Amino acid sequence: MSANKIGFGLLINYEFCTGCHVCEIACKKELDLPVGQWGIKVLQDGPRKMANGKWEYNFLPMPTSLCDLCAERIKMGKKPTCVHHCQAGIMTYGPLEELVQKMTENPKTVLFAPR
Amino acid sequence: MSTKGNSVNIDVNPDVYKHDWQWKEGEYTVTRSTQWTGPGCHNGCGLLYYTKDDKLVKVEGDPYAPFNQGRLCMRCINLPEAVNHADRLKWPLKRIGERGENKWQRISWDEAYDLIVEKVKRIQKDFGPETIVGMEGTGRNICWQVPLLTYAGFGSPNFAMGFLSGDSCMVPRTSISFCVLGDLSVVDCSQFRDVRYDDPEWVVPETILVWGNNTIVSNPDGFFGHWIVDCMQRGSKLIVIDPQLTWLASRAEIWLQVRPGTDTAIAMAMMNVIIEEGLYDQDYVEKWCYGFEQLAERVKTMTPAKAAEISWVTKELIIEAARMFAQSKPGALQWGLATDMSVNGIPQAHALMCLNAICGNYETTGGNVMAREPWYMNLAYQVGYFDFLTEEMREKRIGDDVSPMHQFGTFSSTAQGDAILKAIESGKPYPIKMLWFQTTNPIANMGAEAPRVYDAIKSVDFVVVVDLFMTPTAVAAADLVLPAAMSCERNGLRTWWSPLRSSVQLTQYEECKSDETIVLELCNRLNPENCNWMDDIDLLNWRLEEGQAPVKDFTELVQKVHVWPDHHYRRHEKGLLRPDGEPGFNTPTGKIELYCTTLESFGNDPLPYYEEPPESPITTPELFKQYPLVLTTGHRSFEFFHSEHRQQKTMREFHPYPLVDIHPETAERYGISEGDWVWIENMRGRCRQKARLTATMDHRVINAEHGWWFPEEEGAEPSLFGVFNSNINNLTTQCVTGPTGYGAPYKNQICRIYKATEENSKVMPGEQVTRMGGFKYVRK
Chain F
1 MSANKIGFGL
11 LINYEFCTGC
21 HVCEIACKKE
31 LDLPVGQWGI
41 KVLQDGPRKM
51 ANGKWEYNFL
61 PMPTSLCDLC
71 AERIKMGKKP
81 TCVHHCQAGI
91 MTYGPLEELV
101 QKMTENPKTV
111 LFAPR
Chain V
1 MSTKGNSVNI
11 DVNPDVYKHD
21 WQWKEGEYTV
31 TRSTQWTGPG
41 CHNGCGLLYY
51 TKDDKLVKVE
61 GDPYAPFNQG
71 RLCMRCINLP
81 EAVNHADRLK
91 WPLKRIGERG
101 ENKWQRISWD
111 EAYDLIVEKV
121 KRIQKDFGPE
131 TIVGMEGTGR
141 NICWQVPLLT
151 YAGFGSPNFA
161 MGFLSGDSCM
171 VPRTSISFCV
181 LGDLSVVDCS
191 QFRDVRYDDP
201 EWVVPETILV
211 WGNNTIVSNP
221 DGFFGHWIVD
231 CMQRGSKLIV
241 IDPQLTWLAS
251 RAEIWLQVRP
261 GTDTAIAMAM
271 MNVIIEEGLY
281 DQDYVEKWCY
291 GFEQLAERVK
301 TMTPAKAAEI
311 SWVTKELIIE
321 AARMFAQSKP
331 GALQWGLATD
341 MSVNGIPQAH
351 ALMCLNAICG
361 NYETTGGNVM
371 AREPWYMNLA
381 YQVGYFDFLT
391 EEMREKRIGD
401 DVSPMHQFGT
411 FSSTAQGDAI
421 LKAIESGKPY
431 PIKMLWFQTT
441 NPIANMGAEA
451 PRVYDAIKSV
461 DFVVVVDLFM
471 TPTAVAAADL
481 VLPAAMSCER
491 NGLRTWWSPL
501 RSSVQLTQYE
511 ECKSDETIVL
521 ELCNRLNPEN
531 CNWMDDIDLL
541 NWRLEEGQAP
551 VKDFTELVQK
561 VHVWPDHHYR
571 RHEKGLLRPD
581 GEPGFNTPTG
591 KIELYCTTLE
601 SFGNDPLPYY
611 EEPPESPITT
621 PELFKQYPLV
631 LTTGHRSFEF
641 FHSEHRQQKT
651 MREFHPYPLV
661 DIHPETAERY
671 GISEGDWVWI
681 ENMRGRCRQK
691 ARLTATMDHR
701 VINAEHGWWF
711 PEEEGAEPSL
721 FGVFNSNINN
731 LTTQCVTGPT
741 GYGAPYKNQI
751 CRIYKATEEN
761 SKVMPGEQVT
771 RMGGFKYVRK
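Those protein sequences? They're chains F and V, same order as listed. Residue numbering for the first sequence follows my numbering, beginning at 1 and increasing consecutively. Residue numbering for the second sequence follows my numbering, beginning at 1 and increasing consecutively.
The hints are simulated quantities; they were obtained by calculation from the structure and are not laboratory data.
Listed below are the simulated PhoX-like cross-link pairs for lysine-lysine, each with C-alpha atoms no more than 20 Å apart in a straight line:
1. V:K55 to F:K29
2. V:K18 to V:K52
3. V:K776 to V:K762
4. V:K649 to F:K41
5. F:K29 to V:K52
6. V:K237 to F:K108
7. V:K58 to F:K75
8. V:K58 to F:K78
Since the structure is predicted, the reported quantities are computational estimates derived from the model, not experimental observations.
Work out the full structure: start from the sequences and follow the hints.
Encoded structure:
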């Protein structure tokens, strides 16, 4: 059964994603991905100066179709490697219902349900 | 264990992650330990090493290491690629061709040691032990090992940090901190207690003033950079001073986009505002600060308007930042390498400490706390200096005459790299006959005038390099190259700061040896009457014993993984900072010395002052017409630490080329597009990097990367792995330091840029430096 059918996902608080690439490299190592392939990819918006003088500068880690939510690790009782190693601690793995609840508590979050 | 807010990882499955030091997980042995070697940074994060059949297969962050709480950066996650890299040095190599030809012969360790002992003894006899210089690169678990070998083995007082000009990494800040505060302080992210953010006594800093430091990338000096992000998630606001919009600056309430090298003017103007408007902590200043009246007089000379003119930051922003910081309780100050990398570095560090002190932020919870080694462990540059050298020999240390501040071992305890360079070039005060480089690659990295350092090291009679890979420095100058162990291949101790941590040997790669093992085996051969450690663990126990750490021996520490000392706040009120047990700070006056009596006794200005960089739009206006851009350098990237990691294919996938940040308007003016190779040039030389266009820079400033070489390119001269072609240190300068001998202008140079073409790339810098006598200019 694929991961999202049992209703699990990744909640990402992009207000505090620093773009440190740890999720990307941890995933590459976990899935043994070759050069040019990614299980999660950090997208970047900005830096861009806005009319109010503030800067828009955001990173957003996006699971690709290679993401299996670290099925092997989950089976062992571990967290997905991106979640375990995220330096800013902005990624949460869990049942979608719980994550939706968390979304209501935190602004600037996105919810992914890979596969 | 519950935690306040996000960003911790310790709610993990205890059936999987054990508190034991070692267990089995399927086919793997899992070991909790610490990463504290090259390649890697200054943090000493807790790791889980997964080994199988004497091989490192993978790593995970140790969730029960309160320091990093399971988190890791790119470099540690990719550690197996480094450890298992086919290009690693595997056994001792003796040069068989000319220097620069990259021709080597495998020899045994015994042959290598015999050769070193023979050379050292002859040099000691013919020229004196002081003509042997021991050098290390960025400090990890070689910080006391190389000094020990230099002092106890070679019998020389000349240990130095590569050819780092003005000792411009941490040492200036440390030295002046001991004068002004009696200690070195760090932002309090509750890192001194194992409960971390759950400590009921800890409060989150209201405002963190991040000064010239992109902590999330640089992982600065034993401070896990993302702790700042942890604090932000718990409510801390930021003020950021940086020439470039960093991610932290994008999240800051106020960002001051400073002209590189002019930070002191801003700090003084902020104090001017804080004092004029009565926003300083009057009670704290009265009780705990010395020389407030004199400081107030001094900062009157630096109005916000004047600082704005100097620094390119508007006076309104300076005033706003001053008010916000002074009104924050607690405020905290995070500083970084940029503070050291200016001839104004010592006064700048002094100014920043004064700013923080008059706001009452030292020794407060959520402010800045005085960081000390647990149980006064000594794992620093002085190990062996007083034990193994006579006073007469200590007096021969090169660079002690640069300034009185440099003479005092408690502050610096190293020979000065610039003075060593001059001694090699001039033979004065005496000739240098042997260089010992232990994991330092100065022509790729710390040597501020790389071509000049190249000429110097090639001229020395006998050169040994101990390293992880064959480096440009080794090919250029080494007679002998020795392979050093990494990470899980060695036993070691880690402090700086809490807790006391162990790293433990789990695997062996070919004939590599740990720095500890190399140092003790050589010491035993060179000076057996003083040095008779049996093995690396015996040597580590010697350190543990001196520090009186609460473990029986190294073996016990390995099993405990890390041990935490007590920590107290407001120690200055309780008499816990001074050896005499009196309240106050550990300075001559017992107070934080805004007016620094130690600097005064050394003949230096006792108060902070602003000085222009030696080359700048203001100092050298005629030159600036030719070189109309300010050049800043030395910033970090996630993938690399200084000149390391370039041979890892995964890192190069993320970051294949050296990058220079250029404002789009500036790029357009010079006809440069995104991704173009660009020549960066000034009076001393040139190098080329690829343009990254970003509006985060001031259009008058460019930001170039350091530490680049290309392990995939030809090692032999003229290429030397392409080390000079992209080397920003073709443009920086040696022997131009502050009056204390500390601080050098790595980060505040001038330059011009132009697009690289086939025509103007016919003679590459490698060819120029190694075959054509270098760039033509007068060396200072």
